[in-house]
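Could you put the whole structure together from the sequences, leaning on the hints where they help?
What follows is each chain in one-letter form.
2 protein chains.
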Amino acid sequence: MKINKNFLDLEESYLFSTVNKKTREFIASHPEADVIKLSIGDVTKPLCPAVIDAMHKAVDEMADEKTFRGYPPEQGYDFVRQKILENDYLARGIDLQLDEIFLSDGAKSDCGNIGDIFAADNTVAICDPVYPVYIDTNIMNGRKDKIMLMNCTEETGFLPEVPAAASKAPDIIYLCFPNNPTGAVASMEYLKKWVDYANAHHSLILYDSAYEAFITDPAIPKSIYEIDGAKTCAIELRSFSKTAGFTGVRCGYTVVPHKLVFDGTELNKLWFRRQSTKFNGVSYITQKAAEAVYSAEGQKQIQQNLSFYRENAKLIFEGVKAAGFKAFGGEHSPYVWLKIPQGFTSWSFFDELLAKCNVVGTPGSGFGKMGEGYLRLTGFGSRERTIEAIERIKKTFGK
Amino acid sequence: MKINKNFLDLEESYLFSTVNKKTREFIASHPEADVIKLSIGDVTKPLCPAVIDAMHKAVDEMADEKTFRGYPPEQGYDFVRQKILENDYLARGIDLQLDEIFLSDGAKSDCGNIGDIFAADNTVAICDPVYPVYIDTNIMNGRKDKIMLMNCTEETGFLPEVPAAASKAPDIIYLCFPNNPTGAVASMEYLKKWVDYANAHHSLILYDSAYEAFITDPAIPKSIYEIDGAKTCAIELRSFSKTAGFTGVRCGYTVVPHKLVFDGTELNKLWFRRQSTKFNGVSYITQKAAEAVYSAEGQKQIQQNLSFYRENAKLIFEGVKAAGFKAFGGEHSPYVWLKIPQGFTSWSFFDELLAKCNVVGTPGSGFGKMGEGYLRLTGFGSRERTIEAIERIKKTFGK
Chain U
489 MKINKNFLDL
499 EESYLFSTVN
509 KKTREFIASH
519 PEADVIKLSI
529 GDVTKPLCPA
539 VIDAMHKAVD
549 EMADEKTFRG
559 YPPEQGYDFV
569 RQKILENDYL
579 ARGIDLQLDE
589 IFLSDGAKSD
599 CGNIGDIFAA
609 DNTVAICDPV
619 YPVYIDTNIM
629 NGRKDKIMLM
639 NCTEETGFLP
649 EVPAAASKAP
659 DIIYLCFPNN
669 PTGAVASMEY
679 LKKWVDYANA
689 HHSLILYDSA
699 YEAFITDPAI
709 PKSIYEIDGA
719 KTCAIELRSF
729 SKTAGFTGVR
739 CGYTVVPHKL
749 VFDGTELNKL
759 WFRRQSTKFN
769 GVSYITQKAA
779 EAVYSAEGQK
789 QIQQNLSFYR
799 ENAKLIFEGV
809 KAAGFKAFGG
819 EHSPYVWLKI
829 PQGFTSWSFF
839 DELLAKCNVV
849 GTPGSGFGKM
859 GEGYLRLTGF
869 GSRERTIEAI
879 ERIKKTFGK
Chain X
489 MKINKNFLDL
499 EESYLFSTVN
509 KKTREFIASH
519 PEADVIKLSI
529 GDVTKPLCPA
539 VIDAMHKAVD
549 EMADEKTFRG
559 YPPEQGYDFV
569 RQKILENDYL
579 ARGIDLQLDE
589 IFLSDGAKSD
599 CGNIGDIFAA
609 DNTVAICDPV
619 YPVYIDTNIM
629 NGRKDKIMLM
639 NCTEETGFLP
649 EVPAAASKAP
659 DIIYLCFPNN
669 PTGAVASMEY
679 LKKWVDYANA
689 HHSLILYDSA
699 YEAFITDPAI
709 PKSIYEIDGA
719 KTCAIELRSF
729 SKTAGFTGVR
739 CGYTVVPHKL
749 VFDGTELNKL
759 WFRRQSTKFN
769 GVSYITQKAA
779 EAVYSAEGQK
789 QIQQNLSFYR
799 ENAKLIFEGV
809 KAAGFKAFGG
819 EHSPYVWLKI
829 PQGFTSWSFF
839 DELLAKCNVV
849 GTPGSGFGKM
859 GEGYLRLTGF
869 GSRERTIEAI
879 ERIKKTFGK
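Residue numbers (the working numbering), protein chains in the order written: chain U, 489 to 887; chain X, 489 to 887.
Don't read these hints as lab results, they were simulated from the structure.
All values reported here derive from a predicted model rather than from experimental measurement.
Be aware that a few hints might be false.
[Unchecked claim] With a cut-off of at most 35 angstroms between alpha-carbon atoms, the simulated DSBU-like pairs for lysine-lysine come out as follows:
| id | chain 1 | residue 1 | chain 2 | residue 2 |
| --- | --- | --- | --- | --- |
| 1 | X | K554 | U | K802 |
| 2 | U | K887 | U | K509 |
| 3 | U | K809 | U | K827 |
| 4 | U | K883 | X | K554 |
| 5 | U | K571 | X | K857 |
| 6 | X | K554 | U | K809 |
| 7 | X | K493 | X | K857 |
| 8 | U | K490 | X | K632 |
| 9 | X | K788 | U | K493 |
| 10 | U | K757 | X | K554 |
[Unchecked claim] Just so you have them, the derived chain U footprint on chain X, three or more residues with Cβ under 8 angstroms:
| id | region |
| --- | --- |
| 11 | 490-504 |
| 12 | 532-544 |
| 13 | 568-575 |
| 14 | 621-633 |
| 15 | 736-742 |
| 16 | 772-779 |
| 17 | 785-796 |
Every residue gets a Cβ at the ideal spot worked out from N, C-alpha and C, and that includes glycine.
So, in structure tokens, the structure goes:
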């Protein structure tokens, strides 16, 4: 038996384990220090009451022979897909069909598993810095030498540039807006360039909009399908994790329009076959929870949490600016991308911030080479601790 | 962008959709008929009270900031893996470590995804008849021409034979006991032959024991690791679906011992990397449900349901024997593998049974060529309907 040797090409990711180890060591040697973590990428607010009620009801249904549910449909129950269709698409003027929406146990799974339906020899364009799963799953699928990194720098507002006409077009293009880790958002005009490019070159865009719920400006697209022509070139990945605090509940969905045809084959059909064969659907209780997110109370309640995180991000953004730093993101995103002062690397500034302010961030270099010189701070903490962290940063670094 | 063309090699599986279509059509043209489905492969009893209580408590924890849980560990919380370790392994004299157990959203996902860590050019030995997922996932991974079917016939008690010494050894061997669809079980002596063979040829066994909870004879192994030497040649797949009625809740686990080393690499490390990268763990609520299966009340309650299904299977087995049929399985398994009379194919007998008795089975030919001449009946229905179906079969076919 031979292993998939592509796995040996993976680099071990030590980013968050090193962040945690350094933090633990600092606390051990400074037991009096009151350490605040602005490194956290996970939600901290509990599930909203509408979701909790729906889950209790669903649990009770599973206790009764008359209402018990066994194997769910692999693509999700219609009751939840219908809500997604109506609220996330039809309401925004995007016409989709129910069978173009595939419910799953989360965007991370979909983002990795979607690679199953593509040939191994496709070239893949991926941003730097980036969410590491895009890189690692492509390496696992044998595309190590097929990855084309797209530098995202301050000069272009951390937006990757559409390749020049002369260069060889990538087959698959990963885009994520609002972006993790930079917090950058994409305008209609900017995304239109990518959609036109993909259609012209018969490339496929994998559009990760896991953070779309943070967008408040109606002019900023939440879905790639708000762009004319996207249905013939883009798959969209969505998540309830940040939208409704479902990180511990596990639910997301992927949209694969019928109009996506490559090699004469509908990608929708391939993804349906992949999911029917290698996946068995999402827990009924989780699906009822997802449905409840779209109720009137659910929508109001999740907005309260989202506003809270947004306000934290804004406070961090304004706080570090007031302390004299350059910073990006912090609007339509839970992330602030802090430019660290000259003379520091991402890791040496991480140490400095921990030592001087007892505040933990995430070194930008952990997200790729182009992340060097930056630190990611997040709005997922409590208000009190977030304000306290900002005060310390201002006191230490402010002029 | 090029698609994964291996998908085009898949045959469309119409088994259950055709069963349902024919049943619907029969009901439409015979509105007076009282149709009984003994084709169902899904549980029908509600979740047991211990599990329901645990889920309600977990939902409440998710409603409170102090007890809310975000991203779960990708491999499962220790609290549930510890219970699995103690109850399913240590209690049976099998020594495993906690990090050899990987919790997941179900055995179907694991069974498909595990292929990611193997090279595409491995040969694969698969039983005929068989659960179609083994075949389809290997075709998706490009192993269409690498599949070696192992005929399972009445002559060998539906057990695949260990290959002769002279023939080329398969790299990967799929075994499933108690078997779906035949209901066959494997003895210690029989499994020992496979384990010795796999170790001698450096092959890997994928052991699907999703139905182990149906075994009542202490002499029949529930785990492949009850066999000496299995830790160096076997991965085991387990499920809470049939054990505890979790088909709608989605939870299973896979055991990958550290001693499994191929190409100088621990498979445990590869599977850990696969799951950490392409999976984000199981819902906290589901994990608390799985933990509750192992409580004293949980164990008692799931045994009541299992006994109920077992008794149904036994009644079907004895009933069809009394009606003059040859039959297999029906013990240590929810499945009865009915040998159909001469002159019928699986599908023509399906039609005959539906027309004469208004009873629905699953044609054996849907599970592979060697399933032709058989029909699968299952013990997952209600007692009353199961008895009624048997009475009709006896009346129609009995001598």
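Could you check the structure against the hints above and give me the numbers of any it violates, in ascending order?
-> 5, 9, 10, 13 and 17
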